[in-house]
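Protein chains: 2
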Amino acid sequence: MTFAQKLNSIVKNNNSLLCIGLDPELSKLPSHLQKVKDPIFEFNKAIIDATHDLVCTYKPNIAFYEAEGLEGLKQLEQTIKYIQSSYPEVPIILDAKRGDIGNTDRMYAKAAFEKWKADAVTVYPYLGKDSLIPFFEYQEKLVIILIRTSNPDAKMFQDIIVDGKPLYLKIAKEIATWRYNNIGIFVGATYPEELKLIRNIFPTSIFLSAGLGAQQAEIERAVKSGIDENGAGIMFNASRSILYASSGEDFAQKARDEAKKLRDLINKFRK
Amino acid sequence: MTFAQKLNSIVKNNNSLLCIGLDPELSKLPSHLQKVKDPIFEFNKAIIDATHDLVCTYKPNIAFYEAEGLEGLKQLEQTIKYIQSSYPEVPIILDAKRGDIGNTDRMYAKAAFEKWKADAVTVYPYLGKDSLIPFFEYQEKLVIILIRTSNPDAKMFQDIIVDGKPLYLKIAKEIATWRYNNIGIFVGATYPEELKLIRNIFPTSIFLSAGLGAQQAEIERAVKSGIDENGAGIMFNASRSILYASSGEDFAQKARDEAKKLRDLINKFRK
Numbered sequence: 062m063t064f065a066q067k068l069n070s071i072v073k074n075n076n077s078l079l080c081i082g083l084d085p086e087l088s089k090l091p092s093h094l095q096k097v098k099d100p101i102f103e104f105n106k107a108i109i110d111a112t113h114d115l116v117c118t119y120k121p122n123i124a125f126y127e128a129e130g131l132e133g134l135k136q137l138e139q140t141i142k143y144i145q146s147s148y149p150e151v152p153i154i155l156d157a158k159r160g161d162i163g164n165t166d167r168m169y170a171k172a173a174f175e176k177w178k179a180d181a182v183t184v185y186p187y188l189g190k191d192s193l194i195p196f197f198e199y200q201e202k203l204v205i206i207l208i209r210t211s212n213p214d215a216k217m218f219q220d221i222i223v224d225g226k227p228l229y230l231k232i233a234k235e236i237a238t239w240r241y242n243n244i245g246i247f248v249g250a251t252y253p254e255e256l257k258l259i260r261n262i263f264p265t266s267i268f269l270s271a272g273l274g275a276q277q278a279e280i281e282r283a284v285k286s287g288i289d290e291n292g293a294g295i296m297f298n299a300s301r302s303i304l305y306a307s308s309g310e311d312f313a314q315k316a317r318d319e320a321k322k323l324r325d326l327i328n329k330f331r332k
Numbered sequence: 062m063t064f065a066q067k068l069n070s071i072v073k074n075n076n077s078l079l080c081i082g083l084d085p086e087l088s089k090l091p092s093h094l095q096k097v098k099d100p101i102f103e104f105n106k107a108i109i110d111a112t113h114d115l116v117c118t119y120k121p122n123i124a125f126y127e128a129e130g131l132e133g134l135k136q137l138e139q140t141i142k143y144i145q146s147s148y149p150e151v152p153i154i155l156d157a158k159r160g161d162i163g164n165t166d167r168m169y170a171k172a173a174f175e176k177w178k179a180d181a182v183t184v185y186p187y188l189g190k191d192s193l194i195p196f197f198e199y200q201e202k203l204v205i206i207l208i209r210t211s212n213p214d215a216k217m218f219q220d221i222i223v224d225g226k227p228l229y230l231k232i233a234k235e236i237a238t239w240r241y242n243n244i245g246i247f248v249g250a251t252y253p254e255e256l257k258l259i260r261n262i263f264p265t266s267i268f269l270s271a272g273l274g275a276q277q278a279e280i281e282r283a284v285k286s287g288i289d290e291n292g293a294g295i296m297f298n299a300s301r302s303i304l305y306a307s308s309g310e311d312f313a314q315k316a317r318d319e320a321k322k323l324r325d326l327i328n329k330f331r332k
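Residue numbers (this note's numbering), protein chains in the order written: chain G, 62 to 332; chain Y, 62 to 332.
Bound conformation, chain G alone (with noise of 0.2 Å):
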């Protein structure tokens, strides 16, 4: 089964466009679970325990897994796992922002698909066609590719005026003539101008979206410049509001609560 039929499915089955990002910092979490074994996969049980039936994905960054080192590295596999034997339904994408040249490349391939087996993962455009090859070559998989970023200073390069347009369109240009079916974007919800200018660009690919605001007029923006014109066909990530919406003891509860408000929300506009 292909990532987007999966994604089809879910989006249709749950009502939702909601990607919930699993980064859980040991710090942040609740202090009931800082002492027990497996802090970070116990944390992460419990938030998908109580969402799974409001998101259409989950996102695990590997750098948080990473900062804790090989402990931290297996908690992100035994997250993976779980999800797929408990929620086999729910697609997971890797956030890896990987990409190198194409012989190490295929390593990352390998890692992200066979070892770590996601079902999608996010890459970097910056070295060319030749250096993603490898990635695309896993059909079924979605290579989800970085256009436009959310942090503030994005805008520092990708920005940069080619030609009268900036540097992002021109990238989004040129991916655009290429031959690969799982091909997926990914822009900050944090610009929904150049969301609508990108979504334009690929009227059906899958998109993944980050940083969108909290007030509702930003939600509202972002969805309406994202959304494609069955209404789907994007993820909009949320992470920290969710995973810390309480500290205390309740904080699934909490994170279910916030979940299903923003899945609502944005529900409201995608008609």
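Source of the hints: derived by calculation from the structure; they are not laboratory data. Quick caveat: nothing in here was measured; it's all calculated off a predicted structure. Some hints here could point you the wrong way.
Said to hold, decoys possible - Label pairs and their in silico Cβ distance ranges:
| # | chain 1 | residue 1 | chain 2 | residue 2 | range |
| --- | --- | --- | --- | --- | --- |
| 1 | Y | S146 | G | H93 | 37 to 45 Å |
| 2 | G | E132 | Y | D191 | 25 to 33 Å |
| 3 | Y | D99 | G | P264 | 45 to 53 Å |
| 4 | Y | K89 | G | Q139 | 28 to 36 Å |
| 5 | Y | P264 | G | S302 | 42 to 50 Å |
| 6 | Y | Q139 | G | N242 | 36 to 44 Å |
| 7 | G | Q145 | Y | S146 | 34 to 42 Å |
| 8 | G | N242 | Y | N328 | 24 to 32 Å |
| 9 | G | A278 | Y | A275 | 33 to 41 Å |
We treat Cβ as the ideally placed atom computed from N, Cα and C, and that holds for glycine.
Knowing the structure of chain G, use the given hints to seat chain Y on it.
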């Protein structure tokens, strides 16, 4: 001790600008190593024992370890520990090509410098300055920014013309204004003209270069384009030509022979 101090000392003592890329592929290891426990580590250990007096640095690319999952990453940790306990004078570059928003790069920086305990890491510029500050804050470590890569499609985006100049030069000039003392520069050795242009922008910075050709004339051009005014300031990486110089039981001795030959050839053009 800063990376620069550590590097200066070993460049002098080993009379070497050679960096060996520790990028072991399980399927390419000599057959007698395929069945031992921790084959990647045992292979690396033999290569390191045979070459430590010929190099100025080792550069494991994390992709090659991640491709073997937790088992591979454990052997990366073993490899780094082995170098640091047996040959503490040799600095270690973690080739990881990291780059994400600031909050995530804080995690990648912690992973590279506190967990893997590398002396330097390679990073992407595409997300702008704010994304890289968490790396720069480790002032004793070197943060090596990819400016121009060595792969054939590097030109696709890195050479896009901006105001009459290729993008990579625009990015280089911006980075040259950043006030951090621990910025290193990566440029592929396959493009000596580009290497020269970028060296002119960063006359005193530490460079890392990879993809050195096999022909003497190619090596001459790369070395002359990349060295600083003291005939140093750059590390030339070689990986497969050294690691797989022989697939027999003599692989470590043959790797040494190859490393010595390349070190001496590079030195020939440093004057």
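Those earlier numbered hints the structure runs against, lowest number first = 8 and 9
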